[in-house]
Amino acid sequence: MDEEPEGRWRRPDRALLQLRRGLVLLLVAAPGLLAVAAVALLVGGVEGLAALLAAGVVTGLLLVAVRRRYEAWGYVERADDLLVRRGVLVRRTSVVPYGRMQYVDVTAGPLARRFGLATVTLHTAAAATDASVPGLLTAEAHRLRDRLAALGEARQAGV
Amino acid sequence: MTALLDPGARLDAEGGWVRLHPLTPLLRGGRFLLVLLALIGQQGLREAPAGPLLGVLGVAVPGAVLVGWLSWRAMRYRVTPTELQVESGVLTTRSRRVPLARVQAVDVVRPFYARVLGLAELRLEVVGGGNEAEAPLAFLAEEDAGRLRTRLLDLAAGRPATDDEVAPAPEPDAVLVTVPTGPLVWSTLLGYPLASAAAVLLVVGVTALVDVRAVGAALATSIWVLLGAGSFAVKRVLAEYGFTVAESPDGLRLRHGLLDKRTQTIPPGRVQAVRMSEPLLWRPFGWVRVEVDVAGYAGGSDQQTTTGALLPVAPRALAVALVARVLGSALPEADRPVPPAARWRAPLQARRLRVGVDARHVVSTFGVLTTTTDVAPLAKVQSLRTTAGPWQRRLGLASLHVDTAGRSLPGAVLPHRSEPDARALLEEINQLARAAR
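Sequence order for the protein chains is F and G.
Heads up: the first sequence begins at 17 in my numbering, then just goes up one per residue.
Heads up: the second sequence begins at 63 in my numbering, then just goes up one per residue.
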């Protein structure tokens, strides 16, 4: 669904990928692997080894999913509108004309702040608009917000 | 007392501030007083000594009257060239400024108890006004409400306001359509009420086949469904009774209601989306229901059955003509079909999925049981989105969403286009919308 040449898409910062990977490893993979390892030790033999291997494969798949999800994110600042894409299972593309923006939010949770990341969200008068870009370095997030706000002001059209 | 309630006080000397109608506290407090009386009456029937009761009444009634009078005294409004200003509140005062440029529609509502006294409520619908109508002015004398509406709409549209004092009697509106009662009642019954009755019959029938003794229980539970459907039908018919669509200098004027009468005015160019729907059972009669969404129309519970309808029921040709009139130009023909692959994703409606685009509107038809046509004016497009689920991507399909600022109608959805077509439509509509703004 990508109209723009691949080179023009900008991605969230790689720190977002590392953050999400870390979260998956810490909260899902590590406890799972530990539990399977404990059971494998108790059972022993070939079955235990097979279970451990399966758990390893699942962890690998999870990491691939995280990576693909990260890679699906992208945005392009075009002449008159912002193009945002996301999603692996359900692919979504949004086009928001600058003149239609009501306001722009920059948000950052405690964890994201640790990694120096922020999310930029665009709001229009339509509730259905869902254009947001996560994982931008704080400086880039602020630059994007200021640029969008300036462009929005220059092209504002009545509802 | 006459000096205090003097209608002349409506045209206050200080800066054009005006008060609401002096009977307002009576209407506002009337319901509260009724509840109080009912409570006391119940209590009184059970306990004999009437002394304390009368004492309570003796304090409560004058107290309520005093509070009502004070809050009436405190509430005043005035119209400046750019704003409606409302001040209210006795203990906590509130001062509100409504910029007229943001006004989308003005409604005059006459609940049936206010009609008895010749009073009306004026409601302003404003962009982003939250869930309630902004600054409802309740109550005004009927003719004052009409005059104020004209003035607010004039100012909102940037026309020079006709002065209150010299304003001629408002010209009668040119009536375009009147919906007769027969089709209104039948069309309402042929929708949801009939469907729920059929469902109840089915459930009871199946129950009877399985176990005859359970029929009573099945009937007892399904009676609520029927009652719900019945009350829906009654509410809708009451609200949409005598529906007329008229053309007035300040926009399209919709009048409807049997007990509570409502007059809505939709200024030109404020429509965010239009939907025409044609339920299965209406098709033999060729009936269509038309709904419009104006930004700021609150989806409040009392309005759900009423707002929205531009025409509760009408022959298709008439409906299409009226929609063209509201939107300012004829609609494009929806003639772009979906690819054959869409049949695997939406087998029942694939042949009905069609799209039409011209320089001013996007039209999309869809629906299995109810054939629905959504229209989004390109000048109102807020954003465009494509979505493609896993099954859609396997078939090479994607859906396009055209978002507008309406609340109850989402704009237009163009389901299950072929992927290249969705991409092309996205760019095409984006370009056209930019040109239309």
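Just so you know, the hints here were simulated from the structure itself, not pulled from any lab data.
Predicted model only: the values in this text are computed from it and were never measured.
Ideal Cβ positions, reconstructed from N, Cα and C, are used throughout, including at glycine.
It is possible that some hints are incorrect.
To be verified - Computed spacing ranges between beta-carbons, pair by pair: (1) Gly61/F x Ala279/G: 51 to 59 Å; (2) Ala143/F x Arg135/G: 50 to 58 Å; (3) Arg405/G x Gly61/F: 51 to 59 Å; (4) Gly458/G x Gln34/F: 32 to 40 Å; (5) Trp79/G x Glu169/F: 33 to 41 Å.
Said to hold, decoys possible - One side of the interface only, derived from the structure: several residues of chain G facing chain F at Cβ under 8 Å: (6) Arg455; (7) Thr466; (8) Leu494; (9) Arg496.
Structure-based check of all given hints:
{"no.": "1", "hint": "Gly61/F x Ala279/G: 51 to 59 Å", "result": "holds (58 Å)"}
{"no.": "2", "hint": "Ala143/F x Arg135/G: 50 to 58 Å", "result": "violated (40 Å)"}
{"no.": "3", "hint": "Arg405/G x Gly61/F: 51 to 59 Å", "result": "holds (53 Å)"}
{"no.": "4", "hint": "Gly458/G x Gln34/F: 32 to 40 Å", "result": "holds (35 Å)"}
{"no.": "5", "hint": "Trp79/G x Glu169/F: 33 to 41 Å", "result": "holds (36 Å)"}
{"no.": "6", "hint": "Arg455", "result": "holds (7 Å)"}
{"no.": "7", "hint": "Thr466", "result": "holds (6 Å)"}
{"no.": "8", "hint": "Leu494", "result": "violated (12 Å)"}
{"no.": "9", "hint": "Arg496", "result": "holds (6 Å)"}
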